[in-house]
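S.K.: Chain by chain, the residues run as shown.
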Amino acid sequence: MITKNNTNGKTKIYVEDFNFFYGKFQALKNITIDIPANQITSIIGPSGCGKSTFIRSFNRMNELIPSTHTTGKIILDDKDIFAIDPVEIRKQVGMVFQRPNPFPKSIFENISFGPRAHGIRDRRILEEIVEKSLRQAVLWDEVKDSLNKSGLALSGGQQQRLCIARALAVEPEVILMDEPASALDPIATLKIEELIQQLKEKYTIVIVTHNMQQAARASDYTMFFNMAEDRAGYLVESGKTTDIFTNPKQDLTEQYISGRFG
Amino acid sequence: MAIFTDFTNEHIAQNQGSKKNLHKRKFIEKFSFSFIWLAATFTIVILFFLVGYVISNGIKVIDLEFLTTRPAGGVSGKGGISTTVVTTIYLVFLTISIAAPLGIGAAVFMIEYAPEFLKTKGFATHLIQIIRTSVEILAGVPSIIFGLFGFAVFVSYMKLKFSLLSAGLSGACLILPVIIRTTEEAILTVPKSYREGSLALGATKWQTVFNVILPSAMPGIITGIILSVGRVIAETAVFWVTLGGSYRLPKNLLSSGRSMALHVYMLASETRAFDKALGTSAILIVIIIFLNLFINIASRQFSKKFSGK
Amino acid sequence: MMVRKLLLIIASTSVLIVGLIFLFTFIESTDAIYQIGLGDLLTGTIWRPGAIIGDTEGQFGLIPMILGSIYSTLGAILLGVPLSIFTAIFLAEIAPPLIRDLFRPAVELLAGIPSVIFGLFGMIVLAPLIRNFEVAGNSGFGILNASIILAIMILPTITNVAEDAIRAVPDSYRHAALAMGATRWQTIITIVLPAARSGIVAAIILGIGRALGETMALIMVIGNSIAIPTPLDGNPLTLLLATARTLTGNIAVEINYAAGVHRSALFFTGVLLFLLLLIINRIAHFILKERKIS
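Chains as they are written, first to last, in the numbering used here: chain A, 35 to 296; chain B, 771 to 1079; chain C, 7 to 300.
Please keep in mind that the hints were generated in silico from the structure rather than gathered at the bench.
Since this is a predicted model, take the numbers as computed values, not measurements.
Even glycine gets a Cβ: it sits at the ideal position worked out from N, Cα and C.
There could be a bad hint or two in this list.
Stated by the list, open to error - From chain A, some residues computed to sit far from chain B (all C-beta separations above 10 Å):
id: 1; residue: PRO70
id: 2; residue: GLU97
id: 3; residue: GLY106
id: 4; residue: ASN281
As the list claims (entries may be wrong) - Sample of chain C residues lacking proximity to chain B, with all beta carbon distances greater than 12 Å (derived):
id: 5; residue: LEU29
id: 6; residue: GLU34
id: 7; residue: PRO120
id: 8; residue: SER145
id: 9; residue: VAL267
id: 10; residue: LEU284
Unchecked claim - Once the Cα atoms are required to be at most 27 Å apart in a straight line, the calculated DSS-like pairs of lysine-lysine come out as:
id: 11; chain 1: A; residue 1: LYS139; chain 2: B; residue 2: LYS796
id: 12; chain 1: A; residue 1: LYS107; chain 2: B; residue 2: LYS796
id: 13; chain 1: A; residue 1: LYS113; chain 2: B; residue 2: LYS789
id: 14; chain 1: C; residue 1: LYS295; chain 2: B; residue 2: LYS962
id: 15; chain 1: A; residue 1: LYS107; chain 2: A; residue 2: LYS225
id: 16; chain 1: A; residue 1: LYS113; chain 2: B; residue 2: LYS889
id: 17; chain 1: B; residue 1: LYS789; chain 2: A; residue 2: LYS107
id: 18; chain 1: A; residue 1: LYS44; chain 2: B; residue 2: LYS796
id: 19; chain 1: C; residue 1: LYS11; chain 2: B; residue 2: LYS889
id: 20; chain 1: B; residue 1: LYS790; chain 2: A; residue 2: LYS113
id: 21; chain 1: B; residue 1: LYS796; chain 2: C; residue 2: LYS295
id: 22; chain 1: A; residue 1: LYS236; chain 2: B; residue 2: LYS889
id: 23; chain 1: B; residue 1: LYS931; chain 2: A; residue 2: LYS236
id: 24; chain 1: A; residue 1: LYS139; chain 2: A; residue 2: LYS225
id: 25; chain 1: A; residue 1: LYS225; chain 2: A; residue 2: LYS113
id: 26; chain 1: B; residue 1: LYS790; chain 2: B; residue 2: LYS800
id: 27; chain 1: A; residue 1: LYS183; chain 2: A; residue 2: LYS44
id: 28; chain 1: B; residue 1: LYS800; chain 2: A; residue 2: LYS113
id: 29; chain 1: A; residue 1: LYS283; chain 2: A; residue 2: LYS44
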């Protein structure tokens, strides 16, 4: 089983022997992997095999659910994320959710929320941050004249790009995306995918997707998860996306990719 | 992205600032959470102090004699509460027997029959909206107004005088919206499949309501009735103005009487017998505690029943 | 469809009752309106039903009672709203599930305690305490006593509705905020509470309605004097120590022996209260309905 990505660049996140439990139920089993920096790593696999649980462990959002616990290590750069305050982790590891969830506030207030929460009060600086984030999210031209409009007044695709801009405003190093385009129409989806490609220059991106074509065309590395018989998720295979999709080493991978299950 | 000024870049690239900021935020959070805990504890302390004070002082007065003698009336404050207990029980039965059928009937109508009416245009649709609004209005009327209403209609106009009947009718008006609301909620929780199953077997609408829906909704309906019982026991303003306040045992529906809550008021305002007032209050609080307990247990059973046991 | 018609009639009893309340109270009050005049009733500052002292002429100005109701309600809001909102935040966001399960029955119990017991408490416990303030004329009864008691009584009302409003804020908002590195407290203050704002406002309005409608407890602690409440000495704060009477208390205290124009004036007070509370409740419901739509 290939777990190291043989990356040429650095490793951004190193996971070692990671297990995740919801109470007594084990959701993830023995995951070891390193996530390469400034690359797009996609996570594919059938429903329920723990993909979302996995990336939510990176920003410790799972801890909002009672009775969860983990064993194993997750190292961000050179820091053990479980040894640092989760609030601080979440500044460095941002997240975009499946359903767009802008706050019931103006576009400006949505995006400036993160920086303000972290102590930036100067209006000038906030305006610059808002513009920068909206540009990176390829939304600036569409909303630059209506920053005071409610975030909820945008279309689905725009809302999701707003949420991405919002996450970017905090200047994270890693961006987690949990099926970011699954609630959107095909055109909006395409826009999101293009956006993600642009983002990898500055950020490390880990994206969970149900859509294999999306993984194949939009990511650099791929992790394939499956559900074992005890319903725990485990890592079947991982590597460069082109390798996984053209020359998978595991039978299971080959079967999943050719659509024979999941 | 060359739109960032040096000023901004400098400000954002400060990692040390970020650490200080985190500490500050966490400190504010700890402080605020402690404050909130304090506030909530204060609320509980108020409750415990009040209940504790009343019960611990009231209990001193309660003995068999207290419970079996009638109040002496007048300003002495002597005597017990026997007649007031009986009057309270009479009052509860009276108000419930008037309000429950009316309330349940109204709720059944609004949920089960009104929708059909709404399809036909005309007078009926407006009436139904008016009914809804009326129930809402009734729910918000303060009890003294019900008292005034009862005084004007039952005591004076219908010449029922200060009596159980006047008080019962007025009290029934007071709790009617409560029963309607809780019954409606109870009926709404009955799954559609029950209705459809019954109708598919050829039962009429009324048979379905009577034999399937009401029995299913019964736990919720009973909860509402018990809530109303608590309300009647705790009420004073309505009865002050319609019941009269006589310390004697009511002989019939047209007799005057005194409920326990009313007795507390009269003891406190007309006599110096605060100890007896506390005693009566203690008994009232214990009754309310038991009623609330019963409701909590009952509604837990109720929801268990529907989430599939 | 006999059943349908019968049930329709039963359901209409609510309409009947509301109609009758309005009709009878209004009719009984017309005497006062004609003989005393709306202006005098609503702006008159002296309430002296003549019959008590043997006069046939009486004065029926409601201002003292209006002020009594306003002051006591205001006091109750100032004392009760912060505590209620904090408790609501506690229950909705901060309390661990076990504590919450203990708290809710406690708040419900507070809601179910007969109002006369609160009045009794005010008479026996609060009044002596308040008498400790060394001011001439301080009886321990009055606006302060009433405000404290009322605040405790409206606490469950406000807490329940506010807690529901806070819980109704979607979790996705909280998750989004936390995922950006905000602390839980920051999330509550900057995202959750603003989103729950209209529900919280509705809760406070309902609390105001409850306070205005309370009768018996207030009679027992507010002193029931018929003069306009004024500070007891130079210090304006001693207004809190002044005794007063509320609109509700006015009705309850005098209705049993009032006759003629006097009685009619009391019914007018009832009409006033009825309309006032109608408006307040409509506003609260309107706000709550608006929330459900958005």
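S.K.: Does B/LYS962 lie within 27 Å of C/LYS295 when you go C-alpha to C-alpha?
M.R.: Holds, at roughly 25 Å.
S.K.: Between A/LYS107 and B/LYS796, is the straight-line Cα distance small enough, at 27 Å or below?
M.R.: holds, 25 Å
S.K.: Against chain B, does C/VAL267 keep a CB gap of more than 12 Å to every residue?
M.R.: holds, 16 Å
S.K.: Is the Cβ of C/SER145 more than 12 Å away from each Cβ in chain B?
M.R.: holds, 15 Å
S.K.: Holds or violated: are the alpha carbons of A/LYS225 and A/LYS113 at most 27 Å from each other?
M.R.: violated, 34 Å
S.K.: At 12 Å, judged by beta carbons, does C/PRO120 keep clear of chain B as stated?
M.R.: At roughly 4 Å from the nearest Cβ of chain B, C/PRO120 sits no farther out than 12 Å, so the non-interface label is violated.
S.K.: Tell me if the straight-line CA distance from B/LYS796 to C/LYS295 falls inside 27 Å.
M.R.: Answer violated: B/LYS796 to C/LYS295 is near 37 Å, above 27 Å.
S.K.: So A/GLU97 supposedly isn't at the interface. Is its beta-carbon more than 10 Å from every beta-carbon in chain B?
M.R.: Answer for A/GLU97: holds, closest chain B Cβ roughly 16 Å.
S.K.: Can the restraint linking C/LYS11 and B/LYS889 be considered satisfied, given a maximum Cα separation of 27 Å?
M.R.: holds, 16 Å
S.K.: So if I understand the rule, the pair passes when the alpha-carbon distance is 27 Å or less; does B/LYS931 with A/LYS236 pass?
M.R.: With a Cα-Cα distance of about 86 Å, the restraint between B/LYS931 and A/LYS236 is violated, given a limit of 27 Å.
S.K.: Verify that the Cβ of C/LEU284 lies farther than 12 Å from every Cβ atom of chain B, and report whether the claim holds or is violated.
M.R.: Violated, since 6 Å does not exceed 12 Å.
S.K.: Determine whether the non-interface label on C/LEU29 survives the test: each CB of chain B must be over 12 Å from its CB.
M.R.: violated, 9 Å
In this structure, the earlier hints numbered 5, 6, 7, 10, 15, 16, 18, 21, 22, 23, 25 and 27 are contradicted, and the remaining ones agree with it.
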